[in-house]
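Turn these sequences into a full structure, and let the hints guide you.
Protein chains: 2
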Amino acid sequence: MTATAEHQTRDALLLDEHAQDLLFRQARTANAFTDEPVTDEQIAAIFELVKWAPTSMNTQPLRVVVVRSAEAKERLLPHMAEGNRAKTAAAPATALLAADIDFHEELPRTFPHFPGARDMFAGDDESRARTAELNTGLQVGYAIIGIRAAGLAAGPMTGFDADAIAREFFPDGRHRVLVAINMGKPAENAWRDRLPRLAFDEVVTAL
Amino acid sequence: MTATAEHQTRDALLLDEHAQDLLFRQARTANAFTDEPVTDEQIAAIFELVKWAPTSMNTQPLRVVVVRSAEAKERLLPHMAEGNRAKTAAAPATALLAADIDFHEELPRTFPHFPGARDMFAGDDESRARTAELNTGLQVGYAIIGIRAAGLAAGPMTGFDADAIAREFFPDGRHRVLVAINMGKPAENAWRDRLPRLAFDEVVTAL
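Residue numbers (the numbering used here), protein chains in the order written: chain A, 1 to 207; chain B, 1 to 207.
Certain hints may be false.
[Unchecked claim] For lysine-lysine, the following BS3-like pairs were computed, each having C-alpha atoms within a straight-line distance of at most 27 Å:
| # | chain 1 | residue 1 | chain 2 | residue 2 |
| --- | --- | --- | --- | --- |
| 1 | B | 185 | A | 185 |
| 2 | A | 87 | B | 51 |
| 3 | A | 73 | B | 185 |
| 4 | B | 73 | A | 51 |
| 5 | B | 51 | A | 51 |
| 6 | A | 73 | A | 87 |
It should be emphasised that the hints constitute simulated quantities derived from the structure, not laboratory data. The structure displayed is predicted, hence computed values, not measured ones.
Here you go:
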């Protein structure tokens, strides 16, 4: 895309260019962070923003453990892939994002106009797990945008022993850990060169 | 959360309050749209924004067909669940969001510093499908935010015959349709009352 064409696409958005840059264009996956802590207030602010984004039948299956203390980090690190261990040890916070397979227990409260919703899901474990994982995927996407909205950098990872992390941090056996995200202020040299993106015509067909 | 506490969480974000409202707080899942078309320029602008959001190993498995023409709508409507059919017929555009199970063919170009990535995925169909679906889930989340960034309302749906839609619009047999999203300017009375969200303490544990 030419520089002129790229400017035209920016102008076609209602979201202002500063916000476009903060959330998408300038934001980068970070591999190194400063020592500045991630505060309770920042974690609450991210949640209170992204909780409004939609999930199918308002299922909201995402559950999160944020690992900050030295004790919690010690429990997490052995289960990270070797290539993710040092950066996770050094990050001020690591969020573990899991799908709650038993999200349907909340539906009488969160989807009250369809009273049969809970029982519909209760009878079909496989469909429920698929619904939980798909919607948790959407919520992981929202969470990455929310972390950036707080002025923090996100370093999402899938290289870890998901079953072991679930046993350690979601011990009821009803959660599947899908993504871990290091969070904090990016250090100098926190990222590599930007990787190429697929072109519009490779991804989108408009009929 | 009290009004004061909620204002404190808004102020803890770097993203300005107008953008918070546009993307999350005021944005709503729409069930009815005006006749105003969704333009090629808007579709390109949404893509050019959200393409920058991260996927694991830069896999970018999302593929999209945007259904706008009467002919394309006719091919789609029989496969929508009955409760989604009328609103999909009336929406100016419906995006079909699918996971490309063969995303790994692009990795030599999109993840060049790990030349073995393509072959690692080529040998394991099940792992590849899981990677495709998880990352497409993240990209569906980004797409919903991107549609809102364009000043449009999104109406995401999962009630449809996914296999039939894949056969009709992604006929190579290597795609799984995960979500359909109606798009356009919201009509009057486009949405119901806001559904309740889970509380912070039900979702997040900070250690």
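(request) Check each numbered hint against the structure and report the violated ones by number, ascending. (result) 1, 3, 4
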